[in-house]
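2 protein chains.
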Amino acid sequence: MSKKICISLDAMGGDYGVDVVLPAADMVLQRCPSIELLLFGDLKVIEPMLEEYPRLKQAALLRHCDVSIGMDEKPSQALRKGRGKSSMWQSIAAVKNGEADVAVSAGNTGALMAMAKFCLRTMSGIERPALAAIWPTMRGESIVLDVGATIGADAQQLIDFAILGCAMSRSIHGINQPTVGLLNVGVEEVKGVEEVRTAGKMLRSLSPPNLVYSGFVEGDDIGKGAVDVVVTEGFAGNIALKTAEGTVKQFTGYLRAAMNRTLMSKIGYLFARGAFARLRAKLDPRKVNGGVFLGLNGIVIKSHGGSDAEGFAAAVELAYDMARNELIKKISDDLANYHRGRFSEAEDN
Amino acid sequence: MSKKICISLDAMGGDYGVDVVLPAADMVLQRCPSIELLLFGDLKVIEPMLEEYPRLKQAALLRHCDVSIGMDEKPSQALRKGRGKSSMWQSIAAVKNGEADVAVSAGNTGALMAMAKFCLRTMSGIERPALAAIWPTMRGESIVLDVGATIGADAQQLIDFAILGCAMSRSIHGINQPTVGLLNVGVEEVKGVEEVRTAGKMLRSLSPPNLVYSGFVEGDDIGKGAVDVVVTEGFAGNIALKTAEGTVKQFTGYLRAAMNRTLMSKIGYLFARGAFARLRAKLDPRKVNGGVFLGLNGIVIKSHGGSDAEGFAAAVELAYDMARNELIKKISDDLANYHRGRFSEAEDN
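If you read the protein sequences in the order shown, they are chains A and B.
Numbered according to the numbering used here, the first sequence terminates at residue 349, and the numbering increases by one at each position without gaps.
Numbered according to the numbering used here, the second sequence terminates at residue 349, and the numbering increases by one at each position without gaps.
It is worth saying that the hints were derived from the structure and are not from the lab.
Some hints could be false.
[Claimed, not checked] Below, simulated DMTMM-like cross-link-like pairs (lysine to aspartate or glutamate); rule was C-alpha separation at most 20 angstroms, straight line:
#: 1; chain 1: B; residue 1: K74; chain 2: A; residue 2: D42
#: 2; chain 1: B; residue 1: K74; chain 2: A; residue 2: E52
#: 3; chain 1: A; residue 1: K224; chain 2: B; residue 2: E245
#: 4; chain 1: A; residue 1: K191; chain 2: B; residue 2: E310
#: 5; chain 1: B; residue 1: K85; chain 2: B; residue 2: E99
[Stated by the list, open to error] Residues from chain B shown here face chain A by an in silico Cβ test under 7 angstroms; the list is partial:
#: 6; residue: I151
#: 7; residue: F235
#: 8; residue: K242
#: 9; residue: R256
#: 10; residue: A258
#: 11; residue: F271
#: 12; residue: L279
#: 13; residue: A281
We put the CB at the ideal spot given by N, CA and C, even for glycine.
Here chain A stands alone, though its shape is the one from the complex (with noise of 0.2 angstroms):
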């Protein structure tokens, strides 16, 4: 029989700490009876809470921490603060020693990232880790990378972020060659940054294995599932995702206040209610919840930091599908084709 698969939690990260994790943590029980859970953070706040989950109780891994990391701490003094003994860092020392397979926490992404970084440093071949969204579309789901793990990316960079993004693409949505494109602000070769172009062009030139490169995107592209995966840099990623998230909540705002405002729209209502709930769950960011930092030695999952119970365990779920599926491997596989691939070139000029 296989090894099971082991998640690490930050008990303690989000908004609501304990309150979330531990209702999402039985949920996942529930529902994958297999999975392993290790438990980080304070034992004098969680043990008396396990009463209620007799399930989660029974089957989780308990580790006590000390220290529990502020959603507004500055990712230096988080380090400083939390280094080697907060809950947030030693749910991600247990992927670094094997203990876990994935870690996931909804603490704040800038202290998460920091500890993220120092602790499992980065894959060999990778300068730069990305934070990866994952983006429903009109199609299904796409990858976008980076959505703010750094600011600014150069050439080569972008190239590792398409490598990362496709291993991401085949762990979780199982496309064998997926799709790429640059994010950029026209379609033409000779738009946008530098970066971008340069990038493009190589490639273009370079096409590595397991990866179709389609082009440049533009930004209404994203959503209309143009590629499998879109690759930008964290500056622009970040904005284009949260544009995204204020104008779907801007739409379903209006949408209230339409169906509310008479009577025939509040009949109309009651009528497509079922319809409405379709919806509904078709935008529910609790479904697409977590951003995945790619290219450590390991996998860490954010988890938005005002989740609920619901969301919380469909960023555990995630990391489960992806510990299954192994993205690490994969992408250690891609990364060192890609460099084969660099290298026989090199030896043919």
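Guided by the hints, dock chain B onto chain A, whose structure is given.
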């Protein structure tokens, strides 16, 4: 009696050229009979079509141009071919020589920008023009700039954009002291690229007149209407704008599919169709059609290339509002005020 306001139109621009511009011009004349329209284009095409629009035929001033600029011509190519003689150039030149107050074209953005810069030149005290978008928000409308006139902007250029955007807010939204936010990846002072952080510090310390600096805003703050004017460099701004457009299309697609799926939802749709009509009107991109080139010695409005007559008419009416409310004078006054402020500050030191 005050001088009539005159708008010059590039009759050949956009995906549909005269087929959209002429009916749009006719609509505008019906709604604002006091407006004067100056049409540039191929009279062999325009004149026979005018038989269908007697009101337009009677009122519009026509100017023949042999050359028209294609939607896929590069800026440099368009300049070489169309400088001096194309309908696009001529409509802008009419603003330069005082015949028209504002020019409107649905032609390709790059070519229009290049011609507008070349023909009108940037205003004194402004290094770079910006393309400003009117963004529908949950609280009304905001102005977002630059959405793609140029790529990259230093701190001083971002401040110029703030001044330009505020003058536009005063002119079309009647807001005396617009609030301004700098688009960034976080609201903390330490976040983001250096240019944005420096611009933030400068806006705080200089506190230009007629402008309330609100700090950094994130992508999701745009749709909330958190500030009246959102300032960003053109790469991120363009991606934000197009991502929002894509998200709206995605959402309306989901909604349509959901309402068509079952008999109950179809009945619901019938009852609530008034609500849906209001929603559609709220999201109608034609209502806020028109990017505005700011920072030049004259105003040029870029209508969506694919917009229909209703959309083009909205862009012409936006032009009319700007001219009536003396946008250029407001910008000049604000720039003068700002530079006076900086000089007196320099003297104080």
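Here is how each hint holds up against the structure:
1. For a cut-off of 20 angstroms, the pair hint linking K74(B) to D42(A) is broken: about 62 angstroms separates their Cα positions.
2. Between K74(B) and E52(A), the direct Cα distance comes to roughly 67 angstroms. Violation of the 20 angstroms bound is thereby established for this hinted pair.
3. The suggested pairing of K224(A) with E245(B) holds, with an alpha-carbon distance near 11 angstroms, which does not exceed 20 angstroms.
4. As the CA atoms of K191(A) and E310(B) are separated by approximately 30 angstroms, the hinted pair breaks the 20 angstroms bound.
5. At most 20 angstroms may separate the alpha-carbon atoms for a hinted pair to count; K85(B) and E99(B) meet this at roughly 16 angstroms.
6. Contact between I151(B) and chain A, as hinted, is supported at the beta carbon level, the nearest pair being about 6 angstroms apart and thus within 7 angstroms.
7. For F235(B), the interface hint holds, the least distance from its beta-carbon to any beta-carbon of chain A being 6 angstroms, beneath 7 angstroms.
8. Hint on K242(B) holds. Least Cβ distance to chain A is approximately 3 angstroms, under the 7 angstroms limit.
9. The interface hint given for R256(B) is violated, since its Cβ lies 10 angstroms from the closest Cβ of chain A, which is over the 7 angstroms cut-off.
10. For A258(B), the interface hint holds, since its Cβ comes within 7 angstroms of a Cβ in chain A; the closest pair sits about 4 angstroms apart.
11. For the restraint placing F271(B) at the interface with chain A, the shortest Cβ-Cβ distance is roughly 3 angstroms, inside the 7 angstroms limit, so the hint holds.
12. A cut of 7 angstroms between beta carbons decides the hint on L279(B): the least distance to chain A is about 5 angstroms, and the hint holds.
13. With its C-beta approaching chain A no nearer than about 10 angstroms, A281(B) sits outside the 7 angstroms limit, and its interface hint is violated.
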